[in-house]
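J.: Working from the sequences, and respecting the hints, build out all of it.
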Amino acid sequence: MDIRFYNTLHRSKEPFRTRDPGKVAMYVCGPTVYDDAHIGHARAYVAFDVLARFLRFAGFEVTYVRNYTDIDDKVIRRAQEVGTTPGELAQRYIDRYREDMARLRVLEPDVTPRVTDHLDEIVALVRALVDRGHAYLLDDGVYFSVRSYNGYGRLSGRRLDEMMVGARVEVDDRKRDPLDFALWKLAKPDEPSWPSPWGAGRPGWHIECSAMSLKYLGPGFDIHGGGMDLIFPHHENEIAQSVCATGQEFARFWLHNGFVNVNKEKMSKSLGNFFTIRQAAEVVDAEAIRLFLLGTHYRGPVQFDVELSPEGHLVGFPGLVEAERRLAYGYETVRRLARAEAALAGKHAPGALPDALAGAAAGFEEALRAALADDLNHAEALGHLATLQRTANDFLDRAKEHPPAARLAAIRRLREAMAGAARVLGVFEREADEALAEIGTRGLQRAGVTAAELDDAIRRRAEARRAKDFAAADRIRAELLERGIELMDAPGGTEWRVVRG
RNA sequence: GGCGCCGUAGCCAAGUGGUAAGGCAGAGGUCUGCAAAACCUCCAUCAGGGGUUCGAUCCCCCUCGGCGCCUCCA
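Numbering (our numbering), first residue to last: 21 to 521.
Certain hints may be false.
The calculated DSSO-like cross-link candidates involving lysine-lysine, where the alpha carbons are at most 27 Å apart (straight line), are [as the list claims (entries may be wrong)]:
(1) Lys235 with Lys43
(2) Lys94 with Lys289
(3) Lys286 with Lys33
(4) Lys94 with Lys286
If you're looking for bench data, these hints aren't it; they were derived computationally from the structure.
T.: In structure tokens:
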């Protein structure tokens, strides 16, 4: 399969070639664990989750490393604010982060190293940089000299002399160059510290990712990922210090995801316009967040709609609600197929597949593969999936046109195609009945209707319908609709869904 | 000042040098006691201007508008 990715390093799509045949070594910059993850984090880790899933699907043996930055200025400050230790604070947010990722159906990477478990590697790396003359000592720490590396700026496309250094931050004129950055920060009183040849202290930002990626993946690994905002300075610095320390190539492909925007502006901590995964997952099923994020190509900006009341209070997330509707549609399609198969299995042997369906299923699988192989176009992939789902429902609507044996074969083929897509994209993987029950339950809560109330209303309406008292039946239905619940009379009984909560 | 991104139907959003996926909303239909769901049909010439080309939404230039990075940030 011809796979191409957009490589930030060369600003173009390139054929994907791995360091070792059949193997992919990938590293993604993980979160600094001092607060709950927001939708922007969700976007990055969902995108790279799909990347890892796709590469495995494509036959590669993947080693996926995603770190936790569990010690830095923000962790220390927040720990002081809430009166705990940095270690305890970090552990707490790692736990919460794991829960969030699980709800988003982001698979656990193969290795999830923490900075505080890798001080030896970090110190060794800093020592190599000092020994090779790329780092120097000031009274508060060890600094990397950007002028000592002539490749500096290659990733971000910047020249040292053209940057508006000092425009937003005061320049520390003790440094040889304003862009020199700390490799090792000597500890101030009451700060957590680890021993080093230069004195007790902690790693600067950037060095940990070099140390951990090199440890688990080695020089020249295949993919390094992260948010666009990390290109400069974080990734630029990683490259500089890694290349200078090892004398070898660092990472081959640099992939960066775009931002999540709220009202056209980047969602960020500093702007304060962020929403956590937890907040969003209170409103809709967490899988809907994933589906929503996958609807936009990973490199482009995602518009995250936030509906506010005239007073400025949060009303809802229209885009997520729409995504949840599509989520329910997808699971309903899966369930219809499952039920139809159950009704046929055992009574009939699968026969010949109808030609049209065979073509549709194979065409879908090829289109899905091609979309993802072309710079991970999961948005296009979802478009193909929508078409397949429509094909499936259409087939089920007209299933009687086919003999049972052909029907069974077709249903199985459709399920197979959908399951493959689910595995790669990480959506519609759950057991359909359970997923729909959860979506429904949470919708009822949102609407403020109890299950008992609903059951009672449905029962009363069924009685009225049996008595041919359609006026009464319609009244009950209208009342429920007023409360946000829509009733649907299906062959097997009355079903319901939440249209507004 | 440097580097870069975006502007596709009411909304969200793919995409290609040869007349534009998908979703939501909307209109009409099949089905239904009536509905809903599901399905079918319909619904855009791609911010504006110039250039290259047999032909551009897609390539180049300019203009307008929006945004990002150059501090921490996915």
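J.: Each of the hints needs a verdict: does it hold here or not?
T.: Hints, one by one, checked against the model:
1. Lys235 with Lys43: This hinted pair holds, its Cα atoms lying about 17 Å apart.
2. Lys94 with Lys289: holds (12 Å)
3. Lys286 with Lys33: Since the Cα atoms of Lys286 and Lys33 sit roughly 25 Å apart, the hinted pair holds (cutoff 27 Å).
4. Lys94 with Lys286: With Cα atoms ~21 Å apart, Lys94 and Lys286 stay inside 27 Å; holds.
Consistency note: the structure conflicts with none of the earlier hints.
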